[in-house]
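Asks: Here are the chains, one letter per residue:
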Amino acid sequence: MNTKRKAATVAVAGTAAGALGLGLLAMPAGADSAPELPEIGAQQLVGSVLKTEPPAMSGTATVDNELGLPAMPGVPALDAQSARVYYDGDGKGRVAMEQQSSELTYVLGDKEFWSYDSAEGTATRTALPADARDKHRSAKAAGADPTRTAAQVVDRLEESSTVSVDGTARVAGRAAYELVLTPKPDERTLVREVRVAVDAEKRLPLRMSVLTHGTTDPAFEIGFSEIEFGPQPERLFEFSPPEGTKVTESEAGRPDGPRGESGEEPQFRVTGDGWDTVVLTRVPQEMRDRAQGEGADVEGMLDRFGKPVQGEFGSGHVIETRIGTALITEDGRLAAGAVPEQVLRQALENR
Amino acid sequence: MTAHAEPVVAGPSQQEGPALAARTRGLRKTYGRTVAVDHVDLDVPEGAVLGMLGPNGSGKTTTIRMLLGLVQPTEGEVQLLGHTMPERAGDALPDVGALVEGPGFHPFLSGRENLLRLAAAEPRLTAAGIPPAVDDALERVGLSRAGGRRYRGYSLGMKQRLGLAGALLVPRRLVVLDEPTNGLDPAGTREIRSVIADLHHDGVTVLVSSHLLAEVEATCTHVAVLNEGALVAQGDLTELLESESAGLEVSTTDVTAAVEALRAAHLAARPTPDGVRVELTRAAAPDVIATLVGAGVPVYEARRSRTGLEDLFARLTQDSEEAPTWTS
Amino acid sequence: MDVMTKPARRTAPASRLVRAELRWIFRRPRTLAVLGLLALIPVIMGIALTVADPTAASSGGPPGNDGGNLLPAAAASVLVLPIAALTMTLQMLLPLAAAMSGADALAGETSTGTLRGWLLAPVGRAKLLLVKALGVATFTLAAAAVIAATGILTALVINGDGTLSTLSGTTLSIPDAVGRVALAVGWVTLQLWAVGAIALAISAFTEHPMVVLASVLGGVIVFTVLGSLDALSWLHPFLLTEVWWSLVDVLRDPVPAADLIDGGLKAACYLAIGLSLAYARLVSKDG
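Going down the list, the sequences are from chains A, B and C.
Its first residue numbered 31, the first sequence is counted upward by one per residue in the working numbering.
Its first residue numbered 4, the second sequence is counted upward by one per residue in the working numbering.
Its first residue numbered 25, the third sequence is counted upward by one per residue in the working numbering.
Careful: at least some of the hints might be erroneous.
Claimed, not checked - Once the Cα atoms are required to be at most 27 Å apart in a straight line, the calculated DSS-like pairs of lysine-lysine come out as:
{"no.": "1", "chain 1": "A", "residue 1": "Lys34", "chain 2": "C", "residue 2": "Lys151"}
{"no.": "2", "chain 1": "A", "residue 1": "Lys81", "chain 2": "A", "residue 2": "Lys122"}
{"no.": "3", "chain 1": "A", "residue 1": "Lys141", "chain 2": "A", "residue 2": "Lys276"}
{"no.": "4", "chain 1": "A", "residue 1": "Lys122", "chain 2": "C", "residue 2": "Lys151"}
{"no.": "5", "chain 1": "A", "residue 1": "Lys36", "chain 2": "A", "residue 2": "Lys122"}
{"no.": "6", "chain 1": "A", "residue 1": "Lys232", "chain 2": "A", "residue 2": "Lys81"}
{"no.": "7", "chain 1": "A", "residue 1": "Lys36", "chain 2": "C", "residue 2": "Lys151"}
{"no.": "8", "chain 1": "C", "residue 1": "Lys309", "chain 2": "C", "residue 2": "Lys151"}
{"no.": "9", "chain 1": "A", "residue 1": "Lys122", "chain 2": "A", "residue 2": "Lys141"}
{"no.": "10", "chain 1": "A", "residue 1": "Lys122", "chain 2": "A", "residue 2": "Lys337"}
{"no.": "11", "chain 1": "A", "residue 1": "Lys141", "chain 2": "A", "residue 2": "Lys81"}
{"no.": "12", "chain 1": "A", "residue 1": "Lys34", "chain 2": "C", "residue 2": "Lys309"}
Read the hints as simulated data drawn from the structure, not as lab findings.
Predicted model, so just to flag it, every value in this text is computed and none were measured.
Let's have the full structure, built from the sequences with the hints guiding it.
Replies: Spelled out as structure tokens, the structure:
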């Protein structure tokens, strides 16, 4: 073989192999065809999910949202976040939310719940009541006949939705049934359907997707991109804060979360049922004051992300995403739901 | 160029000739539409010092690079020390030393370190043999004392000599030097000449390319002339020069009578400032002299005219359109 | 003659060539300057972070800092500083260093005429590429190792003992931490081999080392820009630069291996492309 031809052969072969490799790596996992599984009824599937104790496993869960919400400055981007999840099959777990170069870690151990923020170097420890896990277990055990519970659940769901098993899918390399909830036609909602992929063998929900009208890509999806079942090392469910960490103690039953310092709990009220449920609440005055005090331009931000609206309820801003809408009035009332703006207006006006 | 000129070949024909250190047949190299080398059949006899002559851009360096396997010929074959190039470069090149297109060394290393790096790639040297070989080579080109200095600080002549040392790291059967005296002062040129003479004395074949004719005339036994990519003459230097000068210069006071007498004898003659010049194509020198003496023309002196290499070169390379047609 | 071996040997042993190549690389003032500069980066990072925020040296990180940044914790940790420095330099400086090495290896040697010397020795072209690739590989390993080493030293000097906490809040044993840094160095080196292989391929096509440097620099910038365009998300899995942030995963516990493995395999693909193009060009190239 002459040199030129040999050179060309090597160039083409090597480049093709490399490009092919990149192509294979770029292929999304689970793009392969839907697996063949024995038929199963919706009720039976729901029943088996309720019956199953989640087994010990580790995996990566990914949130993928295409809500159509603009990125907000200072607020971490919501799209395509991923978290590593570890579960020992017996009530202990660990979740690590990956940020680009830091991590939020939550560890649920035997007697304590820890949260740790590596960017801030802070940790919060919450002691759990000694019987917390037992209660949880017995509740589950006392869940009586899962078949009956399943029937009840499905009945409840069927008041507003059509529940069906619609084919199969492959999620994180595992065969899964697709459980589909479709809102009844008279439901006033933005949601077209919700699909839940259930592992065919372990009966663990692996993925939930929310689909809206007019598009085939889910508006919101949370699911495992990788999952592996099997015992996890015990050390994952213990936590001792690293040297130099600021540790805060928190009361039981109140894992850290935004709380009004005055202790004033926001009041929630719900109107409607099924898919057109609307949650009504009032943004605590103190929170608004604080935002103002910190120099956050609340009005400017609302102007940017929402559009001003007026009606019998007064005036305010409406923020729309593909699966939900929120309406905030000037006087701090807030209505939100997976519904179009019109439903929120009615909810506010009918109070 | 449609027809290829038959180059001048002096000396015995190739078949029963001496072994060849390098040989090309139908060698051709084109770069796009430019023909750099065109059907060159070069013979480098073993033991010869062959001077490759040609104006700039005549294809000397390209031919040498193809000989050494650096460039893949478009057409034709190359034999170097009996091995086909570039396929069998591994068999041929260890016995070949070369300095092509000027010396190439790293400026931040000393001359000696540069040679050590080059010597590491010499198949004929053992690891232990490298340092002495480098020192010998430096000694040979007179750089022993400057060996520790950085190459960056070398003069043009020193660089050239270091390049020569690189070609002479191990005893060679063939040494190829492309313009070895480039940039050298007269003393440096003499040194190179003496190195070439030594190599010749040791039976090493040397191929030197040059555009300096005096250089080639002084050092070479053989010559090959390239013009516009074609080989227009090659062979033993002395024979080539003689074949070219088939004329007799006769000094006489009676030029008219001399020309008349010769023309009467059907001999081509033309007057020169101090006599006549007679072409020796039809008659031998004694016949010419006898004719003149018979006609009563006073002959003071008669000698074979010897044109220098310069004349030969000028004739071969100036009118390339009409390639020379003479043969031996 | 005692310096002669059997005439049967047609080419010098590869090990000897590699040694000569390494001597050449590491004797070169430019190489040493680049390594020195890279060695300084963790020192500068460590000092800057300590000066900017004295609490960083004693506590895990300053409170109230806007999250999402590795840097605040870096100065404090013998584990984090080397990896933060590697992550930072991997975005630009290390690829440039790899490109420089690849540029010198073929284009630079062609321009000084020194490549011809080895080709005439003779060194076969495949072997030449092997030696050159090993040279680039060694240099990039040295570059990554130097950053890790000065990173560890700097953190030790600033911090005294050294905390070995991961982003997940666990504390590593010393061998484990050393293993993590070694893993990071190895992974970065693999990425740099990929860049170096592409640089060698470009290097084989030109005799101007600057062309190689400019192409790699341009390539890294273009890849980074493409990687930041959401509209081109289908292209992102093909961009080598996109995997470079995964290095941070080394600091998580347990190490999420998926992205690191994916990045390693992508680097291997680029390596195959680069080396095969470099080989193809080198064997057909005029010397």
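Asks: The structure should be examined with respect to each hint, and the outcome stated for every one.
Replies: Verification of the supplied hints:
no. : hint                  : result
1   : Lys34/A <-> Lys151/C  : holds, 18 Å
2   : Lys81/A <-> Lys122/A  : holds, 19 Å
3   : Lys141/A <-> Lys276/A : holds, 20 Å
4   : Lys122/A <-> Lys151/C : violated, 57 Å
5   : Lys36/A <-> Lys122/A  : violated, 60 Å
6   : Lys232/A <-> Lys81/A  : holds, 11 Å
7   : Lys36/A <-> Lys151/C  : holds, 16 Å
8   : Lys309/C <-> Lys151/C : holds, 15 Å
9   : Lys122/A <-> Lys141/A : holds, 10 Å
10  : Lys122/A <-> Lys337/A : violated, 44 Å
11  : Lys141/A <-> Lys81/A  : holds, 26 Å
12  : Lys34/A <-> Lys309/C  : holds, 9 Å
Consistency with the previously given hints fails for numbers 4, 5 and 10, ordered from lowest to highest.
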